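Student: Residues per chain are reported as follows:
Number of protein chains: 4
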Amino acid sequence: MQSEVKSLNEECGIFGVWGTPDAARLTYIGLFALQHRGQEGAGITVNHDGELRTKRGFGLLTDVFDSPNAVANLDGDAAIGHVRYSTAGSNLLENIQPLPFNFSDTQFALAHNGNLTNAISIRKQLEDRGAIYHSSSDTENLMHLIRLSQAPDLDGQVKEALNIIKGGFAYLIITKDRLYAALDPNGFRPLVVGQLPNGAYVVCSETCALDAVGAKFKFDVQPGQLIKIDDTGITIDQYTDDTQLSICSMEFIYFARPDSDIYGVNVHSARKRMGAMLAKEQPADADIVTGVPNSSLSAAMGYAEAAGLPYEMGLVKNQYSARTFIEPTQELREQGVNMKLSAVKGVVKGKRVVLVDDSIVRGTTSRRIVKLLKDAGAASVHLRIASPPLRYPCFYGIDIQHASELIAANHSIEEMRQIFDADSLGFLSVDSLIKAVNLKTNAPNKGLCVAYFDGKYPTPLYDYQKEYDRDQAQLHAAKMR
Amino acid sequence: MQSEVKSLNEECGIFGVWGTPDAARLTYIGLFALQHRGQEGAGITVNHDGELRTKRGFGLLTDVFDSPNAVANLDGDAAIGHVRYSTAGSNLLENIQPLPFNFSDTQFALAHNGNLTNAISIRKQLEDRGAIYHSSSDTENLMHLIRLSQAPDLDGQVKEALNIIKGGFAYLIITKDRLYAALDPNGFRPLVVGQLPNGAYVVCSETCALDAVGAKFKFDVQPGQLIKIDDTGITIDQYTDDTQLSICSMEFIYFARPDSDIYGVNVHSARKRMGAMLAKEQPADADIVTGVPNSSLSAAMGYAEAAGLPYEMGLVKNQYSARTFIEPTQELREQGVNMKLSAVKGVVKGKRVVLVDDSIVRGTTSRRIVKLLKDAGAASVHLRIASPPLRYPCFYGIDIQHASELIAANHSIEEMRQIFDADSLGFLSVDSLIKAVNLKTNAPNKGLCVAYFDGKYPTPLYDYQKEYDRDQAQLHAAKMR
Amino acid sequence: MQSEVKSLNEECGIFGVWGTPDAARLTYIGLFALQHRGQEGAGITVNHDGELRTKRGFGLLTDVFDSPNAVANLDGDAAIGHVRYSTAGSNLLENIQPLPFNFSDTQFALAHNGNLTNAISIRKQLEDRGAIYHSSSDTENLMHLIRLSQAPDLDGQVKEALNIIKGGFAYLIITKDRLYAALDPNGFRPLVVGQLPNGAYVVCSETCALDAVGAKFKFDVQPGQLIKIDDTGITIDQYTDDTQLSICSMEFIYFARPDSDIYGVNVHSARKRMGAMLAKEQPADADIVTGVPNSSLSAAMGYAEAAGLPYEMGLVKNQYSARTFIEPTQELREQGVNMKLSAVKGVVKGKRVVLVDDSIVRGTTSRRIVKLLKDAGAASVHLRIASPPLRYPCFYGIDIQHASELIAANHSIEEMRQIFDADSLGFLSVDSLIKAVNLKTNAPNKGLCVAYFDGKYPTPLYDYQKEYDRDQAQLHAAKMR
Amino acid sequence: MQSEVKSLNEECGIFGVWGTPDAARLTYIGLFALQHRGQEGAGITVNHDGELRTKRGFGLLTDVFDSPNAVANLDGDAAIGHVRYSTAGSNLLENIQPLPFNFSDTQFALAHNGNLTNAISIRKQLEDRGAIYHSSSDTENLMHLIRLSQAPDLDGQVKEALNIIKGGFAYLIITKDRLYAALDPNGFRPLVVGQLPNGAYVVCSETCALDAVGAKFKFDVQPGQLIKIDDTGITIDQYTDDTQLSICSMEFIYFARPDSDIYGVNVHSARKRMGAMLAKEQPADADIVTGVPNSSLSAAMGYAEAAGLPYEMGLVKNQYSARTFIEPTQELREQGVNMKLSAVKGVVKGKRVVLVDDSIVRGTTSRRIVKLLKDAGAASVHLRIASPPLRYPCFYGIDIQHASELIAANHSIEEMRQIFDADSLGFLSVDSLIKAVNLKTNAPNKGLCVAYFDGKYPTPLYDYQKEYDRDQAQLHAAKMR
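Those sequence lines, one after another, are chains A, B, C and D.
Using the numbering used here, you'd call the opening residue of the first sequence number 1175 and step up by one each time.
Using the numbering used here, you'd call the opening residue of the second sequence number 1175 and step up by one each time.
Using the numbering used here, you'd call the opening residue of the third sequence number 1175 and step up by one each time.
Using the numbering used here, you'd call the opening residue of the fourth sequence number 1175 and step up by one each time.
One or more of the hints may lead you astray.
If chains are identical, the list can't say which one is meant, so a pair holds when it fits in one copy or spans any two.
Unchecked claim - As a list, the in silico SDA-like pairs of lysine to any residue whose alpha-carbon atoms are at most 25 Å apart:
1. K1392 <-> D1329
2. K1454 <-> R1526
3. K1454 <-> E1588
4. K1229 <-> E1268
5. K1392 <-> I1581
6. K1609 <-> L1266
7. K1402 <-> D1459
8. K1523 <-> T1406
9. K1620 <-> K1640
10. K1653 <-> E1301
Since the hints were made in silico from the structure, they are not lab data.
Computed from a prediction, not measured in an experiment: that's the story for all the values here.
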């Protein structure tokens, strides 16, 4: 399912390129392939003969760049870009990235995917020393730290700054003469490097953006790496050796595009395997299998294949639903008005349906989809979730900050089944998830972060620890009642 | 595939409702479900206590109604609406429908899906008598004919006017006290009636719009019918008995949404059957089957099931591609830049792929998709088209007016295979198409218009006959050379 | 004072040119000089190699043509344009002029300043014969009448049509090969012809527009004339000989720009003479004379000069007041908040002030200005109006349709003085007005229409007669009470 | 004349209010009266229950606040606002004021009229210590200096910061609980305090804004003062005692509105006296006197009165000229096309005209206006300038930074007369200017800054000294050649 429906949001997609004509257009095209990672803001900074120019605004990429000239005006040979879903940082233009910084003698622009866990304490400390922040975004901290660093050169300053910030982050930094890319020590977020036919390097969140711009995949950026690209080529460095891969498992489950590969694993195929394992763990006595479009279709195919059941188009999603300002009233909604999803009566009528969804956050949409199928005549609906129950918040870049928002943190599986009015309900186990993704690494959980499922965070929580403890205590108290 | 890619465009979707609060919002929601039928203009006319108010503009529905108030301002209990792809009538606001007409003592608004074949001669005749046309659209003729009719009441005037116009048309007419819906004598375009829980009647192009607004399907409007809905209920009348069903087969093949039913036949299921029959008629020695998203997925599933091959996600379509002002340059395009479709390497690499598409018009995209799959590593690509070769123009509402635009009118199947660089190419036969749709009627071709495939038009061509003859002669001459 | 403040509005300014490069830009510049004649809509139709293209919209010229390209896109050698204040015809885009008409084989566009008195009955008659009107504007009638005329050529058709319409009108008509200009038989509205250095002819409402475009004044169009301009030059014809000049005296009093000449009389100079005669008829015991900016300054100078008193800047008008969306609340207004006019304390404090205004319509602003001066410390305010009391409606193109709106129709001069809280109040006599303007003609009232002052309309009122009788009866009854 | 025509621009108008409902609307109205001080950007910051919200944008106030809601959305009891003409700081939204600053625990917004002379060196110094600037505007320096101050409370921090910056400045600072207003030690820019009927204090650039909002004038802010307004009332303090009044004489000559009083002197009356003294110093053998609208009208009246000549309306300015995107082409301009000014032929024809202008900067418009009058038939044109020749740049807030731009710095009076094609040319002397303004003070030049006329700057030039020396050397060298 798509972000407007599921209340689970990735904060960002990032894209950068150095050394190719029409860099802003290429960045637009790359970001267009990453639009699923953020729909609330977008921006591009171009390097025009050493001068940085930024255009950014609210909404989809097509809202911000709303005429053919909008990109053509950003002439230059290098660029970075960003699509954004807001987590930290409220709804101000100043928070839309790339964040541009103009000094008397130089310029910077920053784009960031992730969430810093010690942003609040760094900001407080620096403001006490006279610093002025442009934005309310955690991203800006890195710029202040770079400028305050006493290291002798920019490479050293950037490294020093990266060692101070904590959490999940993939950063792009562009200056008049170079492009940096940096990944946090756990590699929570994906970041890949590719190369255009003309030799120019591209760095971006997902391989689907490499494909979109015609770039060849070169390598996945590793935890703790600092990449520098300039007119002399590419340099790979480590700003820290204290690293351990724990990439966000939700990238495989829901966020990433099915055609992307992450650390060599194709996302669609991983999802198909999740679906297949789900069929083994949570079989159902049914006639057909259908998925919630679009993100659950791969898992549904895998389930159908493994279960030996027909894979069907039981639900249709309106292709134009990315933007509408007009919503049904509550009254209309109750009368069955639905602008985004429709059940295909001719397919589901009289059938026992396995409905595969990728994950459940608040559970509000699950209930609506089950109803949609039953109203269309489904004989029974067996809801199968191709991931484990989401029970803990994430502090590394996914927009769930309180367990209280998560239905699985508050209810048993049987309670959820009743709430959704499903005939049966089953989730994938954490072990099967790890096996389905199957990263080639010896890191714990085979390199996956599964903290939202088991609560075992791979790093300290810093500024969030108190809030987390309070949240857990409340949850515990609620369950006692 | 979607209209931006395939140069094959339906002109319109229409929606009307009488006797329910918030009629404009409901019409918006209905049109939103019909947006696939026209993306270049949209409008709504509301009846506010007997006064008609119209808002219309260029672009998607969300462009025209670009704020929550845009619909809220159209307060009233009845409304008609229109989404438009332009055929006849150039790019002027005056041509966006509904067309509003204000007389000293009354008002009308018209919305129309289809194409009139005698519009030019009617207009010339009326202008010679002093008539002034607002628009360059063929739709307006009906209004003039109604006003010039000497029949004693409006019912009679509308019927008289409907008997003068020729071609394919589904019309909605709203006045201060009623809503008319009329279908041409061949029923070239779909038109259905439904009913809301509160009893109000809805009339619209496809059943998917009924589902979207929570209305129950009542009946398909029949060729030659004139429906009247007012505060006393619904009246079904015939303005002519000289009728014979020949609904556009492209509605089943490509235009209509998979969740719609037309004359009782579910579109997705019909497409699945086309795919299955295609597998029998045009088998291929392959490993996987994949469809061109979104319109060919049903046929691809049917092909895979019938062929006993795995159905796979070999191509991914960018969900945000409905609107972008920025395009790759020709240079970038040649470097493999693609903003709308991506091949999933992890799926197709090394595989012999059956690629199912619903139809081929100009053939330009077919070539690009075959290349996309081969670049992603497909061992071979067997292109299968779930409809017969398009060889003749349409004059009843599809935007193909010259055979010279159609690749299949100009090339043999083997020539096309070479042009597309496919390893093999096969089309569905006309007979199988008719069997797959399988309408319950004794009309010729089981009620389907297949003139684009066989050139046998079910009506005279009137104003288009000369142009058609010239076009065919040119084609013939070209082949002789 | 300016139209936003005084509720007295001219409907239109018109401008046309034939045979010069960049005709739309010239028309824009001409209309810009006529903007004071209408601020609610504007449009330009250009003739591009025989094809007519129209751009029109709501608001000021600068709102409609809101980018440098807006005019550049209208490429062509001939054009007509219009600025509009709405009288007849409600607030619809369709009513913004020029009104474009597209026939199968030809095109027209019409621009009109004035008001037809038999528009309603013509429309009713034509609609009964099947005619469809685009707009609710009275302007459109002429087009229908031209098309319905049986005269053998266009010249004859236009003349026939002009003889059917009644009231005040200056019309411009552009076609693929000519430009017509026509004036009503009374010449209610001004219309002049000029010539550019390159020989091209210009026709427009006021000579200030000729000056703005660098054209030399040639002649005033006479009542009943039909001018034709085409590639062969200019032709002057009469469509009727039953004419008698009675140009609207409000053009001299208030509407026209001070730098314009009408029938050889400079408007500023005429106003100065009105002021001078007012000083003789209505002297005042005072220290200084000040005018209400901007339209009353000429009369105030004349008054000061004749009275031998210093002319002073006692009031200042905000230069930016043409457009603001933000208004003071009623509460703020009562606290003395004023966004448009300020009194200059340093000038008026302790002084006995003669305040000259050009005319009084509803009287609401007069009261406010007297208060403004007194709050600024004026010892006394002697209000002098450089025109007679407005007591009757106008049906020839000024937006006063009911005597009940006119304070002077409802109150004696002493009552008005008390309402305005002025220390004295005096108006100019009708005789002095006629003498001050002093047109060189033997027509009654020396060619001026003074019907708003004396109720003697120079033509029948046609469709308005009943309404006028009712209005006068009400007024009479109100006075009886 | 108005700023679009004369290349002489004030940077700003500022307005602040504390403790009244609907503070943003009042600020809008106040800024509307100050719009003549800056047309390129505008903004308002409102204090909504202690939270600051800012809306700002490019263009006129009516462009930024382009709907009734635009101000209504800024709900609060205190506000500051700014209209801007850019000097220092390029064309970026970040430079539009008020500049908002958000700290973790507090907020500020700054609005500034003037120009700092040591901004560049302060910025460099602070950036070297790690500071990051939001804008390229000199205004921002104050915020950094306040935050870096070690003073124990905000009052002290603000004072410390004000003592570091140099140049001409009137600052408004709003926080959650107070409003500061500060004036530079020379009082280069005007700043006044008034009080609303409800007791709330207003501080703004000119008294015309007090009149506009219905506030009573209380006092002129004195050089070196720091005013604090909060819920307990108003506090007047000095941040330095090293002060000496030298207010910009161009405020009296050209910038300020005629209805404003500065240090007790009415601007219109001062201009009238300049005109009268000019008549004595530079008499002319002429028939009439006319001024260039609007800023020279007062001086023209004074000249006419003193010379005993009739004051006439020889030039008319288009009231709508504040905004147009369409300009005459160079070709049209040469044909006499003029969109902003017209000569009144009926007035000037055959007359010997004294043309009074307030000042001459580049001289381009003077030449055009003389030509306009002669083309309209003036027998001779005697150009009289109601101020001394502008020969030196200004560094305190007027946009002339190079003497090379000034025609009077490069040419003798006779040379200028020839360039303008005037029959005679005369300027006011510096002594008469000082006498005409006649401020009640013992400061040098009676408290006026006349450095643009005599080159004697009342303060060191700091960062501008080098540039000034280079400019003067070039000028000297050019004259030697």
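Student: Indicate, hint by hint, whether the structure satisfies it.
Tutor: Verification of the hints:
1. Taking the shortest alpha-carbon separations for K1392 and D1329, only the intra-copy value of 23 Å comes in at or below 25 Å, while the best inter-copy value is 58 Å.
2. Taking the closest pair of Cα atoms, K1454 and R1526 come within 25 Å of each other only inside a single copy of the chain (18 Å); across copies the shortest separation is 29 Å, beyond that limit.
3. For the identical chains of this complex, K1454 and E1588 are intra-copy neighbours only, at 20 Å inside a copy versus 46 Å across copies, given an alpha-carbon limit of 25 Å.
4. In the homo-oligomer, the alpha carbons of K1229 and E1268 lie at most 25 Å apart both inside one protomer (12 Å) and across protomers (13 Å), since each shortest distance falls under that limit.
5. Taking the shortest alpha-carbon separations for K1392 and I1581, neither the intra-copy value of 40 Å nor the inter-copy value of 40 Å comes in at or below 25 Å.
6. In the homo-oligomer, the alpha carbons of K1609 and L1266 never lie at most 25 Å apart, since the shortest distance is 42 Å inside one protomer and 52 Å across protomers.
7. Proximity of K1402 and D1459 under a CA criterion of 25 Å is satisfied in neither setting, with 55 Å inside one chain copy and 48 Å between copies.
8. In the homo-oligomer, the alpha carbons of K1523 and T1406 never lie at most 25 Å apart, since the shortest distance is 63 Å inside one protomer and 34 Å across protomers.
9. Neither within a single protomer nor between protomers do K1620 and K1640 lie at most 25 Å apart by alpha-carbon distance, with minima of 29 Å and 65 Å respectively.
10. Taking CA atoms no more than 25 Å apart as the test, K1653 paired with E1301 passes in neither setting, with 41 Å inside one copy and 54 Å between copies.
Consistency with the previously given hints fails for numbers 5, 6, 7, 8, 9 and 10, ordered from lowest to highest.
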